Amino acid sequence: LAKTTQPISMDSYEGQEVNITCSHNNIATNDYITWYQQFPSQGPRFIIQGYKTKVTNEVASLFIPADRKSSTLSLPRVSLSDTAVYYCLVAPGTGFQKLVFGTGTRLLVSP
Amino acid sequence: EAGVAQSPRYKIIEKRQSVAFWCNPISGHATLYWYQQILGQGPKLLIQFQNNGVVDDSQLPKDRFSAERLKGVDSTLKIQPAKLEDSAVYLCASSPRRDYNEQFFGPGTRLTVL
Numbered sequence: 001l002a003k004t005t006q007p008i009s010m011d012s013y014e015g016q017e018v019n020i021t022c023s024h025n026n027i028a029t030n031d032y033i034t035w036y037q038q039f040p041s042q043g044p045r046f047i048i049q050g051y052k053t054k055v056t057n058e059v060a061s062l063f064i065p066a067d068r069k070s071s072t073l074s075l076p077r078v079s080l081s082d083t084a085v086y087y088c089l090v091a092p093g094t095g096f097q098k099l100v101f102g103t104g105t106r107l108l109v110s111p
Numbered sequence: 112e113a114g115v116a117q118s119p120r121y122k123i124i125e126k127r128q129s130v131a132f133w134c135n136p137i138s139g140h141a142t143l144y145w146y147q148q149i150l151g152q153g154p155k156l157l158i159q160f161q162n163n164g165v166v167d168d169s170q171l172p173k174d175r176f177s178a179e180r181l182k183g184v185d186s187t188l189k190i191q192p193a194k195l196e197d198s199a200v201y202l203c204a205s206s207p208r209r210d211y212n213e214q215f216f217g218p219g220t221r222l223t224v225l
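One line per chain: the protein sequences are X and W, in this order.
Number 111 marks the last residue of the first sequence (the working numbering); no jumps.
Number 225 marks the last residue of the second sequence (the working numbering); no jumps.
Worth flagging that the hints you see were computed from the coordinates, not collected in a lab.
Heads up, some of the hints might be wrong.
In silico negatives: residues of chain X with every beta carbon more than 10 Å from chain W [unchecked claim]: (1) E17; (2) S23; (3) G43.
Residues on chain X that point at chain W, a partial pick, calculated with CB under 7 Å [stated by the list, open to error]: (4) Q42; (5) Q49; (6) Y51; (7) T53; (8) G102.
Here chain X is said to cover these stretches of chain W; the calculated rule only asks that three of the stretch's residues, wherever they fall, bring their Cβ under 8 Å from a Cβ of chain X [to be verified]: (9) 151–160; (10) 207–215.
No experiment lies behind these values; they were computed from the predicted model shown.
Idealized CB from N, CA, C, for every residue including glycine.
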């Protein structure tokens with residue numbers, strides 16, 4: 001499984017766009033990039049998944065360059081409720097889903 | 112749709128005691144996972160079930176941890192005897208099938224071993 005590297009923490013203010021970049025240099029051909037969000041005292045929650053280029057849903061956008069060695073999670077106009085830990089994971093798109101979580105990025109949104 | 116249910120939410124025990132956690136996955140989900148999350152770290156997979164069979168238990172400390180999923184629905188995770196380093200949040204997750212792209216997590220059980 002490819003190892004991921006992401007910043008330990010980030011700070012932002014309400015209304016700003018937040019971009020969290022994840023490095024995964026050893027990503028395999030059949031690997032997908034997945035992001036989870038975890039609030040205090042809750043289990044992680046799936047945010048978005050992608051293979052290449054750009055994926056957008058109602059919560060976030062995921063940008064993946066052509067070489068797929070990194071990815072960027074973009075959260076538009078964050079609010080206080082977006083304060084959480086964000087995990088970047090790489091896992092095979094087929095076969096059994098073994099998720100390996102790193103320490104994640106702790107995002108703090110201030111007023 | 113009801114989410115993954117776990118109980119108890121909190122448990123405090125002394126070392127060398129036994130403890131059990133219960134998980135009820137989302138209805139119809141064939142795959143069930145147990146994770147251990149130590150404070151400040153990401154969740155670590157302990158065991159994965161497909162229906163009532165074990166798919167992966169490579170990171171389960173089998174000398175003290177055991178898990179079962181009778182009838183392929185509910186699951187229990189047991190620790191016997193507990194050590195101080197077992198203090199963590201134990202998360203249960205489920206998904207419709209092994210290759211589904213999303214896992215649905217419960218709220219977890221916070222275990223404190225004194």
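| chain W versus E17/X - minimum CB to CB distance exceeding 10 Å, so not interface | 25 Å, holds
| Agreement of hint Y51/X with chain W interface, Cβ distance less than 7 Å | Hint on Y51/X: violated, closest Cβ of chain W at ~10 Å, above 7 Å.
| field | Exclusion check [S23/X not at the chain W interface, CB over 10 Å] | value | 16 Å, holds
| Cut-off 7 Å, beta-carbon criterion: hint that G102/X touches chain W | At 5 Å from the nearest chain W Cβ, G102/X passes the 7 Å test, so the hint holds.
| said: If I take the minimum Cβ distance from G43/X to any residue of chain W, is it greater than 10 Å? | reply: Incorrect as stated: the minimum Cβ-Cβ distance to chain W is 3 Å, not above 10 Å.
| field | Cβ contact check, 8 Å cutoff: the segment 151–160 of chain W against chain X, three residues minimum | value | holds (count 7)
| field | Proposed interface contact between T53/X and chain W, which counts if any beta carbon pair is under 7 Å | value | Violated - the Cβ of T53/X stays beyond 7 Å from chain W, reaching only about 17 Å at its closest.
| query | Against chain W, is Q49/X within 7 Å by beta-carbon distance? | reply | 5 Å, holds
| said: So is the segment 207–215 of chain W in contact with chain X by the C-beta rule, three or more residues under 8 Å, or is the coverage claim wrong? | reply: holds (count 7)
| Satisfaction of the Q42/X interface hint, Cβ to chain W closer than 7 Å | 6 Å, holds
Checked against the numbered hints given earlier, the structure breaks hints 3, 6 and 7 and satisfies all the rest.
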